[in-house]
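Undergrad: Protein chains in written order, with the working numbering: chain A, 1 to 467; chain B, 1 to 467; chain C, 1 to 467.
Derived from the structure by calculation, the hints contain no laboratory data. Be careful, since some hints might not be right.
Said to hold, decoys possible - Ranges between beta-carbon positions, derived for each pair:
no., chain 1, residue 1, chain 2, residue 2, range
1, A, E100, C, R231, 31 to 41 Å
2, C, G71, B, M178, 36 to 46 Å
3, A, P5, C, R41, 38 to 48 Å
4, B, T232, C, R268, 50 to 60 Å
5, A, T14, B, P348, 45 to 55 Å
6, C, D4, B, E156, 42 to 52 Å
7, C, D4, B, D6, 32 to 42 Å
8, B, A264, C, R41, 51 to 61 Å
9, A, E100, C, K462, 19 to 29 Å
10, C, G71, B, D297, 12 to 22 Å
11, B, T232, C, R81, 37 to 47 Å
Stated by the list, open to error - Below, a list of computed lysine-lysine pairs in the DSSO-like style, where the Cα atoms sit at most 27 Å apart:
no., chain 1, residue 1, chain 2, residue 2
12, B, K462, B, K238
13, C, K462, C, K392
14, C, K27, B, K462
15, C, K27, C, K392
16, A, K101, C, K462
17, C, K238, C, K462
18, B, K462, B, K27
19, A, K392, A, K27
20, C, K27, C, K462
21, B, K238, A, K462
22, B, K392, C, K392
23, C, K392, A, K392
24, A, K392, B, K101
25, C, K101, B, K392
26, A, K101, C, K392
27, A, K238, A, K462
28, B, K27, B, K392
29, A, K392, A, K462
30, A, K27, A, K462
31, B, K392, A, K392
32, B, K462, B, K392
What the hints assert, rightly or not - Chain B residues, not near chain C, derived (Cβ > 10 Å throughout):
no., residue
33, N3
34, A82
35, R89
36, H139
37, L173
38, T251
39, L452
Idealized CB from N, CA, C, for every residue including glycine.
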Amino acid sequence: MLNDPDRLFPVEPTLRETARALYDSIKDLPILSPHGHCDPRWFAENQRFPNPAELFVIPDHYVFRMLVSQGVALTDLGVPRADGGATERDPQRIWQRFAEKFHLFRGTPSAMWLEHSFEHVFGLDTPLSAEVAQAHYDHIESRLAQPAYLPRALFERFNIELLATTEGALDDLRWHRMIRDSGWQGRIVTTYRPDAVVDPEFEGFAENLAALGEITGEDTTTWAGYLAAHRTRRAVFKEHGATASDHGHPTARTEDLGAEAAAALYDRVRSGQATAEEADRFRGQMLTEMARMSLDDGLVLQIHPGSRRNHSATVFDRHGRDKGFDIPGRTDYVAALKPLLDAVGLEPDLTIILFTLDETAYGRELAPLAGAYPALKLGPPWWFFDSYEGIKRFREATTETCGFYNTAGFNDDTRAFCSIPARHDVARRSDCAYLATLVCTGRLREAEAFELAHDLTYGLAKAAYNL
Amino acid sequence: MLNDPDRLFPVEPTLRETARALYDSIKDLPILSPHGHCDPRWFAENQRFPNPAELFVIPDHYVFRMLVSQGVALTDLGVPRADGGATERDPQRIWQRFAEKFHLFRGTPSAMWLEHSFEHVFGLDTPLSAEVAQAHYDHIESRLAQPAYLPRALFERFNIELLATTEGALDDLRWHRMIRDSGWQGRIVTTYRPDAVVDPEFEGFAENLAALGEITGEDTTTWAGYLAAHRTRRAVFKEHGATASDHGHPTARTEDLGAEAAAALYDRVRSGQATAEEADRFRGQMLTEMARMSLDDGLVLQIHPGSRRNHSATVFDRHGRDKGFDIPGRTDYVAALKPLLDAVGLEPDLTIILFTLDETAYGRELAPLAGAYPALKLGPPWWFFDSYEGIKRFREATTETCGFYNTAGFNDDTRAFCSIPARHDVARRSDCAYLATLVCTGRLREAEAFELAHDLTYGLAKAAYNL
Amino acid sequence: MLNDPDRLFPVEPTLRETARALYDSIKDLPILSPHGHCDPRWFAENQRFPNPAELFVIPDHYVFRMLVSQGVALTDLGVPRADGGATERDPQRIWQRFAEKFHLFRGTPSAMWLEHSFEHVFGLDTPLSAEVAQAHYDHIESRLAQPAYLPRALFERFNIELLATTEGALDDLRWHRMIRDSGWQGRIVTTYRPDAVVDPEFEGFAENLAALGEITGEDTTTWAGYLAAHRTRRAVFKEHGATASDHGHPTARTEDLGAEAAAALYDRVRSGQATAEEADRFRGQMLTEMARMSLDDGLVLQIHPGSRRNHSATVFDRHGRDKGFDIPGRTDYVAALKPLLDAVGLEPDLTIILFTLDETAYGRELAPLAGAYPALKLGPPWWFFDSYEGIKRFREATTETCGFYNTAGFNDDTRAFCSIPARHDVARRSDCAYLATLVCTGRLREAEAFELAHDLTYGLAKAAYNL
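If we strip away everything but chain A, and leave its shape as in the complex, we get:
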């Protein structure tokens, strides 16, 4: 057995019993995954996953960055090079390298997610190590060849009620259409992520604007046409199931400039002459514009700020984005969000979900804001904090100020499909551990805790994301 059935529950017997009872009441609820990065193509084509290395190592920046941090080269792990040059092609050798360094993951959520997948998805019951690496590889490989391990079969087995993917504004959403047209009942929806046409510092911004004009038939050389193009794309995304948009900016800055100033700023950024400050101001203005569109079309606005992307220039040059070198930084919310909140923060029918990579904001800024503004909800602990301790700190730092009902349930936010059940399980266990602590210390009645366990697992996500 790889996974302790009581893992993440408190050790003290009364607490453990309470946590287990709460967990038992919600562990079989279906999974709502309203924010993530799985590839819709998997479910459209329903082809088998190529091999264990492609499934667990090559695409997962949580995994390969840890190996890199201890001196393994990205090319030795098969991570593609930006110049298309040679990298390791043999999945068994990649797997072996991974297995040899598996001790690096001790105490990390990655270890927990991986071992949960190994056991509960693939039926392995001994720890991964250099010695058993090839046996494990062969075991997983043989399973991947079976129909029960095709993407749709796994989706059903994982008991996923809804899975949201994330597509850029220019995406043709063909895979989503293909899923819908296939008659398969799995519910997979898209999310509107327009960074490439909202962020003036994005690679190819000018070309992206032109493409946006073409795809929508709007004149994106004008501010009005540009906004109309967004509205058009949002409508198309809604037709493909989207209930939310998502925005990943370096800061939480917002602006509310007025139409004339905004139009002038758009001309600046369109010209390619914008300063870094102007680019940032433009991104800030667009959050407020997106919120106004949300008032009209009902999409939920998700803000994921604070990652300093591509911290290593060398890694970015050699391998491109999302290679484990995105590092959080301090993020201010109180001043940054004021223009947005002055514009739309009191709207009870708007939902803005805030995320953070700066945990100092939980108690100081985010919980006080969410505990006052009707439009705000707090998203779950994100990225580096999607973990037992991360969830514990989140609950401890926010609940006393904004309660549970200003939070938005769990997101797995993953591109590692097989980790979805594991991640939701960690969140469910962590929340039940927290609730049990409240019950046993007289801060919550037992009946309330059972209700909350259900809400944190299912009800809050369903409500916040209009699922």
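Chain A is fixed; fit chains B and C onto it per the hints.
TA: Same frame as chain A, now just chains B and C:
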């Protein structure tokens, strides 16, 4: 029973037994409340509290902001409008709305304070809900009509040894005089809070300065006269029992400009032409001036920085100050306090009590400062952090660096009179839980813990505030 | 008995048993102390320590700052004055003052270190208090006169395998030579700490540069000669055992200016005309230069940023450096380290160990950086955070992101020789408590925990510092 008699104690039996023994030794000590916002008029007139909604909902920004955050309108809760326009007048309907949303408070200190009051002040023993709302209302209403529920009777029943209120520099302190002249023995003292005549950005600052001149007979058109006016008012406040002044600035900035530069700055801010930077500098200068006056008259200097007041322009315009939209922000202490500390920080007879809404400062800045400068003490966790987890984080982050004896005991800081026993009880339990943990992990001897339980509950506040 | 044999272990029996078993497996491992501030002269001359006050109070800023914070004068504790003026000379009176205030240390690591020394080094078994002060003094004094209490004897009794001291770039390293030439087997190595010739704001910087030139025979009036002089000194330090350099800057700023700009900047700072900004830029440039030299000579680069030294101007004027008035401030790492990391961060053979006094950086910046860049490791909790809660927060905030293997084992970082066993014992117990929690909550297998206990105590320090 609404409140678990062992609430907030650790669950593990040895720890719980130790915490309970510590708590039993101090739970009946009288309450010292050296900082708060109760209305002295209550005790001067000793009239009955009007109704449950006026007592628990309408004046309590902790309560109504949470309802607002989930879409309830302030006007539907009877919160007065700045323009005097219509709001809900029916206290029973307000109470019903409150009861329907009571689940929002699950896991918050507000729930704990309210349920403690419901049970221990009013004798209710079932949880509030939509169904029982009117029965609870009637129950509380019938009690409020009884003599035992008049303000002075409750004050005595709560076993309050001293209650400090907070008045502006221009207040005539009539209620304090009326209490004193009444012959009633309850000890209620004022606190000097001169923000309206210290903060150039306060509404009506120029008029306030004129009024300060009038009230004191000093020429507040000069820097020397202005300082003399403060000295005069401080003396009057001392006559009305004050042992402390209090200052709520957006930052912890201090200055020590020298007389000439300070006088020139005073002319600027008096002219109404001061920039935001000059206004901030002036506030900073006044903290140092107040500290110098404290060296003469012995008043304790309390600094409560870091709240960005009135974050929502709309809520401020509609309803004015203190409506739950005050949001903390990052607060620097190390550079900000240096001018003040260079001036008076080594004075062993001065007491400056520092508060924070930025918990990151506890271990990084506040405990190192308080663990070195003789003039500094740390105030208890404030506002959003006046809670079990808030107190726990405070103790864990400060004790190892500045010990217990550089802290100043508990403040309830409340305008919700009936919550005073509840708040002190939460603090006592939380501190005993922390002490028990130290004892059972060999970090403190049991006899020391009993002494400390008494000090944290009573002795430190008495000493720090010269009570 | 002064020290609970189960101190710092969790209270719950299963957890405690697990923690104790882990601790038992590593408690007798030799001490590696790769970073600290003991005086090598003690071991060179092997003279007796003068008296209890000189051993425990006068040189220990942890101890005297706490007494100062409660109104005791530094001069009354025998702390030397900068002007050479009179201070208390009677060690027994200093000791008595210390004993009278010993309750101030309740709940602090200082209490734990002191009581561990009192019991385990000196055989005392009753708590220090005013009453027993002189008896304790006499007891310790009588022991200090015995051969078993000479520095080398204690070193051996403490089971220290290696002790690193810290010397300035201009130090002649005579004591290290004297130790080596004595034939004594104790392994004491130096560390290259060039702040006085790297920081343009250091007292006597110009003279220091001249001295550096003289000592090395290099022309330190040129950038090339200055760098060569560093290389020369590093080589000499290596001959005296150094495996690391150490750098204590106010910020973590780094630069990588290119040779020409760096040379021009060196001319500026050498001229004494540099602005504060230029001084800071120069310190930043030198970190990158030191890292490049590390690539050549293999010394580990330690960065200890974030202390605002000598916060009280008065204390600095009266008593000089290191008098307990060094206060941490916010420290940014993500932007600050980028030039250094772009230059050398991907080098697998380089080791840069990062420390912080700003705990908010653990999860937000340091763990993500160390979990990606091969050259980076995290140093243990430093200074104010070298404590049970400090270690707990460090592990909880970093392990989930960068694992254990991107950390560098424990440092005692002390000038209080007798506290070395106590400090390592606290770290060992704290780590075992953390590991036990992981085991009992299903986050780590027991066998892994035993391996990790050994690594955290011994293996990681040995590897990170090339011992």
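Undergrad: Kindly confirm whether 37 to 47 Å is satisfied by the beta carbon distance between T232 of chain B and R81 of chain C.
TA: 41 Å, holds
Undergrad: Hint check: K101 of chain C vs K392 of chain B, CA-CA at most 27 Å. Holds or violated?
TA: 25 Å, holds
Undergrad: That 36 to 46 Å hint for G71 of chain C and M178 of chain B (C-beta), does it hold up?
TA: Holds - the Cβ-Cβ distance for G71 of chain C and M178 of chain B, about 39 Å, lies within 36 to 46 Å.
Undergrad: Please test the hint of 38 to 48 Å on the beta carbon pair from P5 of chain A and R41 of chain C.
TA: 59 Å, violated
Undergrad: Closest CB-CB distance from N3 of chain B to chain C, is it above 10 Å?
TA: 25 Å, holds
Undergrad: K27 of chain C and K392 of chain C: Cα distance at most 27 Å?
TA: 19 Å, holds
Undergrad: If you draw a straight line from the CA of K392 of chain A to the CA of K101 of chain B, is it 27 Å or shorter?
TA: 25 Å, holds
Undergrad: Mind checking the alpha carbons of K27 of chain B and K392 of chain B for me, to see if they're no more than 27 Å apart?
TA: Satisfied, since the Cα-Cα distance of roughly 19 Å is no more than 27 Å.
Undergrad: Below or equal to 27 Å on CA atoms is what counts here, so check K392 of chain B against K392 of chain A.
TA: 14 Å, holds
Undergrad: Between the alpha carbons of K462 of chain C and K392 of chain C, is the straight-line distance 27 Å or under?
TA: Distance ~22 Å between K462 of chain C and K392 of chain C Cα, so the pair holds.
Undergrad: Quick check on a hinted range of 31 to 41 Å for E100 of chain A and R231 of chain C, using CB atoms only.
TA: Given range 31 to 41 Å: holds, Cβ gap about 37 Å.
Undergrad: How does the Cβ-Cβ distance of G71 of chain C and D297 of chain B compare with 12 to 22 Å: does it lie in that range?
TA: 20 Å, holds
In terms of the numbered hints stated before, the structure departs from hints 3, 7, 14, 21, 39, listed from lowest to highest.
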